[in-house]
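*Asks:* Below, each chain spelled out in residue letters.
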Amino acid sequence: MSQAPAHALESRLIATGVERLALLGKHAEALMAGYARNEVPLEGLTTTALNRLLAARILWRPDEQGGVKLAPKVRELIAEMLADESRRHVNADVAETLELLRGLVQSYREARDAGEYWRQEQQLLRLRQEVDDLNGRFADAIDSLWRRLNGDFGFVSRLADKIRENERAQKQIVRLLDGLALIDFDELITLVGSDGALRKLLVSGLQQQLTQHYTSLREVQRRLVELMARFRQQQSRSRLVAGMAGFLREHPGFVPGNYARRSEVPGLVNRAAPLVAAGAAALDHHPDGRVLGELLKHLPPPVHRPEPVSAAGVAAPQEDALVAARQQALKEDVERFYLAVVDGGEPLSALEFLAQGAFAWGEEIWLFQVIAEFQGLPRSEQRAFRLRPQESQAGRYNDVRLIHDVVLELA
Amino acid sequence: MSEPTMTTPSMVAFGPLLERLLAGEFICAVSDEGAFRRLQDEEVRERLDAYLRPLNRRLATNDEGTVYFLAWHTLDEAAREQLSRQLGETVASLLPLLEWLQLVQEALGRDGPPAPGDVLKPADFSSRCEDHLGLRERLERLATDPFFGSQSDQLDAQLKQVFKRLKEHGYLLQPHADRQYYLVTAKIDYLLDLVRFIRDEENLPVDDQAPSAQERLL
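Protein chains in written order, with the UniProt record's numbering: chain B, 1 to 411; chain Y, 1 to 218.
These are calculated hints, taken from the structure and not from any lab test. Nothing here was measured: the structure is a model prediction, and the numbers come from that model. Among the hints, erroneous ones may be present.
What the hints assert, rightly or not - Sample of chain Y residues with no beta-carbon within 12 Å of chain B, all distances over it, derived:
| no. | residue |
| --- | --- |
| 1 | Ser10 |
| 2 | Asp41 |
| 3 | Glu42 |
| 4 | Ala50 |
| 5 | Leu120 |
| 6 | Lys121 |
| 7 | Glu130 |
| 8 | Arg136 |
| 9 | Gly149 |
| 10 | Leu155 |
| 11 | Ala177 |
Said to hold, decoys possible - Below, a sample of chain Y positions facing chain B; criterion: calculated Cβ distance under 7 Å:
| no. | residue |
| --- | --- |
| 12 | Leu22 |
| 13 | Ala23 |
| 14 | Val44 |
| 15 | Leu83 |
| 16 | Leu192 |
What the hints assert, rightly or not - Label pairs and their computed distance ranges (CB to CB):
| no. | chain 1 | residue 1 | chain 2 | residue 2 | range |
| --- | --- | --- | --- | --- | --- |
| 17 | Y | Asp49 | B | Pro266 | 15 to 23 Å |
| 18 | Y | Asp49 | B | Gln207 | 52 to 60 Å |
| 19 | B | Pro266 | Y | Ala50 | 20 to 28 Å |
| 20 | B | Pro266 | Y | Ser152 | 48 to 56 Å |
| 21 | Y | Gly65 | B | Leu275 | 19 to 27 Å |
| 22 | Y | Leu133 | B | Gln233 | 28 to 36 Å |
| 23 | Y | Gly149 | B | His285 | 39 to 47 Å |
| 24 | Y | Lys167 | B | Glu39 | 22 to 30 Å |
| 25 | Y | Lys167 | B | Ala280 | 22 to 30 Å |
| 26 | B | Ala160 | Y | Glu202 | 27 to 35 Å |
Think of the CB as a built atom: it goes at the ideal place given N, C-alpha and C, for glycine as much as any other residue.
Work the whole structure out from these sequences, hints included.
*Replies:* See the structure below:
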């Protein structure tokens with residue numbers, strides 16, 4: 001009976017809606033210019049077009065003299081579509097939706113009790129839409145929060161702004177959580193009674209979705225708090241670095257107290273001197289011998305590179321000169337030993353000569369130089385001497401010969 | 001046979017770590033994540049301390065616990081002497097290091113000074129400095145500071161020297177010797193803790209808190 005006019009109403013609504021939505025597309029450029037700036041530029045719009053946009057409440061004129069602006073809802077819609085976090089709004093108003101839901105449930109039941117099935121269907125549809133809207137608002141808000149979080153609030157450039165944006169986001173979460181807390185499922189259970197469709201929509205379905213929102217909000221809140229701590233730390237470090245650098249520049253002679261001389265040395269100052277754990281090849285561990293032998297075989301042959309003269313520092317030649325001078329003195333003393341053998345004509349022990357002459361050389365280095373001197377002689381002169389090493393086997397199982405002394409005599 | 005080594009790894013496993021610590025290195029999550037994680041275990045720290053005790057050393061950490069290093073166990077005269085000298089050197093290097101931190105923050109347009117784990121590339125600096133005379137001059141002044149000690153007047157050579165010195169001092173880590181990118185280590189945290197400490201001890205007029213009360217009035 002009442003179905004025909006209701007259908008007519010619906011189709012008229014749909015027709016107008018399509019017409020007005022088309023306006024959005026038709027004037028998209030002017031509208032986006034209005035979104036980016038404060039006012040919508042009127043140059044490209046005819047009077048008819050402007051009047052249609054005003055009638056559709058896509059635009060509005062705050063006062064007669066002022067320019068034309070985007071309606072808040074349209075601005076929100078665009079921000080939502082663009083995920084434009086600097087302009088996106090979070091709608092946390094749950095109380096009003098709950099009020100609406102109660103009304104719709106009431107109306108639905110009246111229609112059911114009166115047997116008006118079509119009206120009952122319509123109310124159920126409106127209920128579904130409202131519940132979806134409520135869900136969508138939370139989902140959008142959570143999406144917006146995550147985007148801001150994951151982008152490190154990159155839509156503002158300064159750290160102080162990021163901190164303010166983070167604070168704002170945290171307040172939004174608190175409002176959203178407060179909104180969630182308003183939804184009392186005991187009340188909803190009583191409200192829906194034994195109606196299966198309502199129960200599914202308003203109790204089991206909604207509860208599941210809201211639980212998810214609640215978990216997401218808690219998680220994003222935790223992450224925001226963490227990020228805030230990082231922002232604050234960055235800000236504090238930045239200020240500390242700038243402040244201290246400024247102070248030191250202004251006070252070039254600044255010397256802090258010597259904290260190392262206090263009875264209680266502060267922990268940060270107590271840094272022990274480096275200690276190098278030195279190690280050297282050792283042959284006292286039999287199995288290592290083979291490994292060391294292998295290593296020795298694989299040593300690259302020493303490369304004698306010509307010293308680039310210009311690159312030599314100042315300290316190095318001094319040290320070299322010192323070593324060379326000592327080497328020369330050793331060589332001269334060894335030559336004295338050779339001359340003594342020539343002069344005396346008797347075999348002489350190198351170590352005895354060393355002891356008698358009160359030279360400052362170590363025995364080992366002395367013997368080494370005596371042998372080196374012999375080997376360094378031209379072959380003809382070498383034949384004039386005989387060098388008899390006094391040696392012994394290093395151990396019962398070790399064939400290394402140890403030289404204890406050498407005796408030099410004329411051949 | 002149970003496997004006691006699974007729960008209490010033998011000290012041999014800590015050899016390389018001990019060696020690095022003894023050599024004066026700072027161990028953090030950037031420089032050696034595995035070692036750093038193990039050092040967060042109190043039992044491990046106790047065992048290392050017991051090992052280090054005859055060497056008159058113990059494990060130490062900064063305020064936030066982001067780096068580990070070795071401290072003297074007992075402070076004798078020689079240790080105090082070494083610490084005084086070291087403190088003097090650190091104080092002398094403070095200004096160039098702080099200026100470098102500031103320069104990085106500004107040159108790269110970051111929200112804060114470099115923090116542990118940040119990646120720094122000399123190439124980014126050279127391109128910024130080429131476009132910006134002010135940055136170029138500051139880098140030049142910094143590079144020729146005795147702490148960095150660059151002798152060159154070429155931008156790239158100066159940058160190279162600055163990064164090299166920061167690497168030597170353990171503030172930066174170069175994961176691949178042939179690739180020009182560096183990681184900031186948590187030794188930066190230690191440096192800033194020390195700066196904060198000096199500020200507090202000497203009552204320096206350096207504030208690191210945002211004037212939030214004033215902001216709220218606005």
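*Asks:* Each hint should be assessed against the structure and marked as holding or not.
*Replies:* Comparing the hints with the structure gives:
1. Ser10: Fine: 18 Å to the nearest Cβ keeps Ser10 of chain Y off the interface.
2. Asp41: holds, 20 Å
3. Glu42: It holds; Glu42 of chain Y is separated from chain B by about 17 Å at its closest Cβ, greater than 12 Å.
4. Ala50: At roughly 16 Å from the nearest Cβ of chain B, Ala50 of chain Y sits farther out than 12 Å, so the non-interface label holds.
5. Leu120: Leu120 of chain Y is indeed farther than 12 Å from all Cβ atoms of chain B, at 16 Å.
6. Lys121: Answer for Lys121 of chain Y: holds, closest chain B Cβ roughly 20 Å.
7. Glu130: For Glu130 of chain Y, whose nearest Cβ neighbour in chain B is about 23 Å away, the distance exceeds 12 Å, so it holds.
8. Arg136: Its Cβ never comes within 12 Å of chain B, the nearest being 19 Å, so this holds.
9. Gly149: holds, 15 Å
10. Leu155: At about 22 Å from chain B, Leu155 of chain Y clears the 12 Å cut-off, so the statement holds.
11. Ala177: Given a closest Cβ separation of 20 Å, the condition holds.
12. Leu22: This hint holds: Leu22 of chain Y lies near chain B, its Cβ roughly 5 Å from the closest one there, short of 7 Å.
13. Ala23: holds, 5 Å
14. Val44: violated, 19 Å
15. Leu83: Hint on Leu83 of chain Y: holds, closest Cβ of chain B at ~4 Å, below 7 Å.
16. Leu192: Constraint on Leu192 of chain Y satisfied, holds at 6 Å.
17. Y:Asp49 / B:Pro266: 15 to 23 Å: Given about 19 Å between the Cβ atoms, the range holds.
18. Y:Asp49 / B:Gln207: 52 to 60 Å: Roughly 54 Å apart at Cβ, these two residues keep to the hinted range, so it holds.
19. B:Pro266 / Y:Ala50: 20 to 28 Å: holds, 24 Å
20. B:Pro266 / Y:Ser152: 48 to 56 Å: Violated, since Pro266 of chain B and Ser152 of chain Y (Cβ atoms, about 38 Å apart) do not stay within the stated range.
21. Y:Gly65 / B:Leu275: 19 to 27 Å: Hint holds: Cβ distance 24 Å, inside 19 to 27 Å.
22. Y:Leu133 / B:Gln233: 28 to 36 Å: holds, 32 Å
23. Y:Gly149 / B:His285: 39 to 47 Å: holds, 45 Å
24. Y:Lys167 / B:Glu39: 22 to 30 Å: Hint violated: Cβ distance 56 Å, outside 22 to 30 Å.
25. Y:Lys167 / B:Ala280: 22 to 30 Å: Since the Cβ atoms of Lys167 of chain Y and Ala280 of chain B sit about 29 Å apart, the hinted range of 22 to 30 Å holds.
26. B:Ala160 / Y:Glu202: 27 to 35 Å: holds, 28 Å
Of the numbered hints stated above, those contradicted by the structure are hints 14, 20, 24, listed in ascending order.
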